[in-house]
Amino acid sequence: MEEKTIRALVANAADQVVAAQFTEPQIEARAAAWQKAAPDADLAQTTTYLLNENRAFIEAVLTTVISDLIAKESPHDIR
121 MEEKTIRALV
131 ANAADQVVAA
141 QFTEPQIEAR
151 AAAWQKAAPD
161 ADLAQTTTYL
171 LNENRAFIEA
181 VLTTVISDLI
191 AKESPHDIR
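Heads up, the final residue of the sequence shown is numbered 199 in our numbering, and it's a clean run with no missing numbers.
Source of the hints: derived by calculation from the structure; they are not laboratory data.
There's no promise every hint is true.
The following label-pair restraints were derived from C-beta to C-beta distances [what the hints assert, rightly or not]: (1) 143 - 183: 12 to 20 Å; (2) 130 - 173: 16 to 24 Å; (3) 141 - 190: 17 to 25 Å; (4) 188 - 143: 16 to 24 Å; (5) 162 - 121: 39 to 47 Å.
Glycine included, C-beta positions come from ideal geometry on N, C-alpha and C.
Required output: the full structure, derived from the provided sequences and hints.
This is the structure we're talking about:
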């Protein structure tokens, strides 16, 4: 598979994930809930929260890309 094709798959997956799980209202709601639970968070705790949000995004994108690749390889599989 060409790099151009892989980049397109990743870009499409990222768009899907943002639209489904990382809209501004969703991010604001998660951040507000976290801030309420950790009102005195220091820089390390805030960084950890942001890294966890980033990890969730990356995992969702990778899952989408891999699922798309598997579906293209085996279009007759039912998931």
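Okay, the hints, checked on the actual structure:
1. Against the hinted window of 12 to 20 Å, the Cβ-Cβ separation of residue 143 and residue 183 comes to about 18 Å, which satisfies the hint.
2. For the hinted restraint 16 to 24 Å between residue 130 and residue 173, the CB-CB distance of approximately 19 Å keeps it satisfied.
3. Distance hint check for residue 141 and residue 190: the Cβ-Cβ separation is about 20 Å, which falls inside the suggested range of 17 to 25 Å.
4. For residue 188 and residue 143, the hinted distance range of 16 to 24 Å is satisfied, since their beta carbons lie about 21 Å from each other.
5. Distance hint for residue 162 and residue 121: a CB-CB separation of about 44 Å, consistent with the stated range 39 to 47 Å.
Against the hints set out earlier in the document, no violation occurs for any number.
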